Amino acid sequence: MSAPAPSMYSPAAKAMAEKLGLKMGRANLDEFAATLMELAKANPNIVAVTSDSRGSGKLGPFAQALPKQLVEVGIAEQNLVGITAGLAACGKKSFGVSPACFLTARSLEQIKNDVCYSDVPATLIGISSGVSYGALGTTHHSLHDLAVLRAINNISIIVPSDNFETREAIRFAATAKNPVFVRIGKAAMFNLHKPETKFEIGKAIQLREGNDIAFIATGETVIHALLAAGELAERGLNCRVISMHTVKPLDTEIILKAGRKCRAVVTVEEHSVHGGLGEACASTLLQAGINVPFKIVGIPDEDTVTGAQADIFRHYGISMEGFSETAMKLLK
Amino acid sequence: MTDRELQHKSVHLRKNTLKAIYEAGAGHTGGSLSCLDILNVLYNRILNVSPEKFSAPNRDRYVQSKGHSVEALYAVLADRGFFPEADLKTICHYQSHFVGHPTRHIPGIEMNTGALGHGLPISVGMAIAAKMDSGTGFQPVSSEKASTHRQDACATTAFRVFTLLGDGEVAEGSNWEAAMSAAHYKLDNLTAIIDHNTLQISGHTRDVMSNEPIDEKFRAFGWSVKIVNGHNFAELTNALGKPAEIGKPTCVIANTVKGRGVSFMEDVAKWHHGVPSEAELKQALGELDAAEKLLQKETK
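Going down the list, the sequences are from chains V and S.
Mapping to my numbering: the first sequence position 132 is 157, numbers consecutive.
Mapping to my numbering: the second sequence position 192 is 223, numbers consecutive.
Read the hints as simulated data drawn from the structure, not as lab findings.
Sample of chain V residues facing chain S (criterion: CB under 7 angstroms; computed from the structure): (1) 96; (2) 98; (3) 103; (4) 107; (5) 108; (6) 110; (7) 138.
Predicted, not measured: the structure shown is a model, and the values here were computed from it.
Think of the CB as a built atom: it goes at the ideal place given N, C-alpha and C, for glycine as much as any other residue.
Okay, chain V solo, but in the shape it has when bound:
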């Protein structure tokens, strides 16, 4: 029997999750696949396009149930995006599903021209994003995708933090008239939202109120910021936690508010520290003349350490303990 995968949460982090009443959900990837299938059963115009990725995209049941609504293109990501665009241009609600690392690098020109520039209502799902593939190495990591897609006109970029945000992102994409990119990881995620939460593209969700530190986080890092806020509360610090599920268009209002109200701002992302959420927040604050102690936490510009996603997160301080330490240093 192989060794168990390292846990994403320390015993203290698990205890904090319990204290905050958080319940573990499923992987966002599973939530995506289930949501897409539900929508596609009701709308025969929804088509999934895969690049030998139906297994890794959890679309096996979709292929079984709705074979006429799934196009397999084989290991050919450029073709995947071109076909997804062509389908969308002819009235299909197409979802191109492929590992984020290949989808947003190898076929970037197809995303730029065939999807965004041509403005077709296609959705691209970058699966197993960030460092989800962990020890498989840099070939399989997507730490550049937010940076490159932010610089391309006409695409919404959504990075869900839990099952709720994933479900809502896919529902939005299914009715969107313009290009959408959804970046999805494969680790099981805690559910972070109350059932009555409203989800709106371009409007971040504030999970916790506080004026000492503002954590502005996205995707699978949000949970760690929330746990850190719980831990810091025990040290007498009130932390604001914002789930920035839409990286573009960016909710600048909530960023400016955090910059004005809080003593320090920490941004967190499973992405290179270059060109992602952190720099977007920094640009927003600086251009508004707000000078606040500020730290971007992400994957530094170096040869990424080998390990599982949990190892990599811990190594670069993406953990309850890591964020608490970063916050304390900023406030000194």
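Since chain V is already given, all that's left is putting chain S on it; use the hints.
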């Protein structure tokens, strides 16, 4: 429209193309002239498209993968009434909708192209959509049972899809990903036309990157291939009029001459994106006027 009428139209369209490039001060002269007769046949004999019904879901789709030859496309679309001919004077001008490559801002254009190797994958997606919208539907699964169904399905389609590639463009690897998938899904509603003028920006394709034999490559990928004279209206019509073979995508290799119709531009690589001077334009238009007079004489 008769062959003779198409011949007259081609002369007129060549003149408009050259004038547009001159006015723009930029453009892809050689390739526009090499593919012009192909576009003339497509838009006046083959494609089920019109300005009045351009939003019809079942219209045929044309994607110009060799987007740089947009001036010829603009000239043809203007002639077909998609927009006024006077608009050709605004190509590449400040704030004009008429960009130096195709965009959907222009009535009659389906997709934004210009980067090479994009039109064929897009067209495969469109052809699959056409199969999905046909009576028998898209038959995707490669089981034995399904492949019988696929064979049946091939006879029907909601519309046909055409794309035009340059022969130098064939070097882009994405074309071969798309070629493989078109054959896999038996997309007989898809036709790829290769503007085989044997020249690209740096010289002869055979010197830049050998791509011959193009026909055998497409055949090996499971396509039905036809080789025609790309300036012969009857041959083009015959090759483009209906799918070559049920269950296979069609590749039409159109042998053309880059810069066709103007003596000093023909088969000269520098006219790939050469822009005529006032004197050169005058000379070119003079040659085309002479060709027109000859046609009129022959018609009488």
